[in-house]
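A.B. asks: From first to last, the protein sequence lines stand for chains G and R.
Going letter by letter, the first sequence gives residues 1 to 466 in our numbering.
Going letter by letter, the second sequence gives residues 1 to 466 in our numbering.
Check before you lean on any hint, since a few could be wrong.
Because identical chains cannot be distinguished in the list, a pair is counted as satisfied if it fits within a single copy or across any two copies.
[Unchecked claim] Within a straight-line C-alpha distance of at most 35 angstroms, the following computed DSBU-like cross-link-like pairs (lysine-lysine) qualify:
(1) 309 with 438
(2) 280 with 44
(3) 286 with 383
(4) 350 with 462
(5) 62 with 286
(6) 212 with 442
(7) 59 with 410
(8) 379 with 347
(9) 339 with 280
(10) 462 with 232
(11) 88 with 350
(12) 383 with 309
(13) 379 with 81
(14) 333 with 232
(15) 273 with 333
(16) 59 with 461
(17) 162 with 379
(18) 410 with 81
(19) 88 with 333
(20) 350 with 81
(21) 232 with 309
(22) 379 with 93
(23) 42 with 406
(24) 81 with 339
(25) 461 with 232
(26) 333 with 430
Calculated from the structure, these hints are not laboratory results.
Given next are the chains, with one letter for each unit.
2 protein chains.
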Amino acid sequence: MSAHFLHDFLRPKSIAIYGANNSYGTTMGTMQLIRIISSGYKGKIFPIHLKLDNVLGFKAYKSIAEVPEIPDLVIIVLPPKVVPQVFKECGEKGIKKIVLISGGFREVIGDRANTLTEEITKIANRYGIRFTGPNCFGFYNSWLYPEDNGIFNMMVWGDGLKRGKFSVASQSGTMSSHWGMDPESLDVRVGKSISIGNEANIDLVNFLEYFKDDEETDVIGLYIEEIKRGQKFIQLAKEITRTKPIIAMYGGGSGAGNRAIKSHTGSMAGNLKVFDAMIKGTGIIKTDYIEEFLDIASILSNPNFSYPKGKRIGIITNSGGPGALIANNAERKGLIVPKLSESLQLKLKKILPPTAGWLNPVDVTFDMNIFNFYTSIPKMLMKSGEIDAIIIYGAIGFHETMPALKENEKIGPYIELREDMAERMDEMDKIFVAPIIKASQKFSVPIIYINPQNYACHWSKKIREQ
Amino acid sequence: MSAHFLHDFLRPKSIAIYGANNSYGTTMGTMQLIRIISSGYKGKIFPIHLKLDNVLGFKAYKSIAEVPEIPDLVIIVLPPKVVPQVFKECGEKGIKKIVLISGGFREVIGDRANTLTEEITKIANRYGIRFTGPNCFGFYNSWLYPEDNGIFNMMVWGDGLKRGKFSVASQSGTMSSHWGMDPESLDVRVGKSISIGNEANIDLVNFLEYFKDDEETDVIGLYIEEIKRGQKFIQLAKEITRTKPIIAMYGGGSGAGNRAIKSHTGSMAGNLKVFDAMIKGTGIIKTDYIEEFLDIASILSNPNFSYPKGKRIGIITNSGGPGALIANNAERKGLIVPKLSESLQLKLKKILPPTAGWLNPVDVTFDMNIFNFYTSIPKMLMKSGEIDAIIIYGAIGFHETMPALKENEKIGPYIELREDMAERMDEMDKIFVAPIIKASQKFSVPIIYINPQNYACHWSKKIREQ
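With the rest of the complex left out, here is chain G (with noise of 0.2 angstroms):
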């Protein structure tokens, strides 16, 4: 295991928390032990409240001073002038380890210099205390107790998500919780994932550092406002990516984005052209939408999905349109569409309807030899060496559809089903796609499944879970 000191940071085997109590949405601090406790977190809670004797079923202290053993970690949700009197507390207990949640050290503006930020910097200095924060969200850590699936998450949303090797460290809380919103549709499988804010004490280098040797780390994904150590970032991010893909959304850039970083988090952000400059060589994988991250992010963190060797791109489709699309885009992108060699063209060409198109993209327009789609074509493109990965559009799932038309009172009467389609429904999965990305791990040729239905239905699941 890691020997990083991050690595047991994110694995407290005790928590004190500051700021929770027992009314649902008053406090940041009461969302964040909900959370704690949904998530199934199995270590001790003390629960520091000066007037509460119980919070969410806990039995809580006035002070830290009262708590009959040493905490792990101290999580801090409190308004900002009292906290250097509570990292003194901590100090005084002996605590090494705090996730400062709260705002207003220095990203207040408008007002007079604000000093808290020295002041609880001085004091975690003298103390030996490590912290992430201020102004930060907290972390997420689904390899807790590995041994048995323990998640430790104070992040508000993200029950019930799959877990996975895809780590995040992330200068805004919401960007480094985004994939809890809505894991059932985005199905990006987290391992640990940090809303590191303000890095007063411990920063994104940090946390680069760490992940670099994670065993339970593949994927990193990163949200940037601020690179505070840049050559140190640079030369870490390039010794990662040759092993482990580093994706990133940059936060700065345009007026109001740097007036906004400003606001959020007091640090002056940079222009676009010098983050492109900066991150040019090191491997990292740009993004601008959040949409965009989280894709390449549920696509990267599936264990089935092998990083690509090459930027040649093979794409299936049923339809011309989108086959066009995902062409121009790959190639705007910097990716390769090889047309396909006469001899590949040959072989498809004998399977294909006479109107398909088999120069690449491999249009088979519409044709329900399904086999075909999911199967054999993957399976030859794979075979002939000269493709990188491959991207199938219109893996539409029929479930949904076919159980309606038969009780669709003006269909379903006159209707034949065709009977192994019928039969094979529910086997689908097994039979078309299960032996494909057998053979996609087998060639390395990754595959990217397109369904336009959308990410949460049936047959997206299921190509997602072979």
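Chain R: place on chain G using the hints.
C.D. replies: Showing chain R alone in chain G's frame:
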């Protein structure tokens, strides 16, 4: 009502269809007739079939000559080589309108020259037949009988869609019907959608001419691979965008994209720069991704959305990161995110928490003051006259979360739900959203809500339904 010949083309009083049988999933004709029936078409249906006596519950005829009346529209889904003969028989019968679904007319490549298009064009001219296709997917018209919500849909998907005034003309069948593949999530309110195919007889410009003065069309969507009458297209687009927005996707541009198009429709697509130069100055909104196209269509086709009068965007967010990303992307796309005036900042500051941002983006941070977020702040922005449209990020619903918490055995027994929240939950849309949408119409400042949960969840739907 519109006097354009396409108006009646899209409102058939009776139809004949070639190529449908009783077996699900065997032919496109069958899939299309299923949809025509299930969408509730009330006109007469005459299937033409050489062998069957009945098709999907309707008496079938051996030839069009045997049909006891002259059908208003004929749909042909047959192998291309028999189509000239069928065209002749239709001409003899007195048919004037045809939808020619079949492909294989000019898009076959690598074989000898194909003169089928010329043959059917001659026949159509001789008999005064107008037709869409070949190589198309038909059309959808939710304004068939406006008085009783009559829908005519031959597009395989799209049942259950809300009617609207978004009209589509597309050179790809899939792109003409993509909104129908996930109607609940996408919520694009389509009025008319036409797959125009290879344009042997009716082309894109014909549809632009029709949509221009059509009272049932407020917004236009185009998917373009090739523009045959360029000058006319540019002139029409310029005229139309003065009153009706046009969004367009272009399928050409890259080497592989053009190859896909050549194989798809046989047309010679151009270069992306040429296309960009062509639409520059027309006011057309260009989109690169299908999701982008559908998102914009969903927004513009919502009857609550009035087209903004200018480019100044006000951003309201509950989180700094998304605020910065929205601001960046807005500016990157040519919109303006102005810093708010001192006096407006002062007003906002009074009702916001001290850690909030009030320059624009307005970042309320984690603040449970729902009234401020949904009502007061948007209203302040509208009244100010400083912005032309509002984006609200973080319109998250608690309708699923709160009941789930009450039932959670680890949380339910201990949590107190704020009375006002629980009480207002069911009426949140009426209390918080409805009044501001009314104000939005009064001030002509549209609002776009972003709910990171997803489009299909309860709260997203409630917002869209106001």
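A.B. asks: Any hints this thing doesn't respect? Which numbers, in order?
C.D. replies: As far as the earlier hints go, 2, 5, 10, 16, 19, 22, 25 are violated by this structure, in ascending order.
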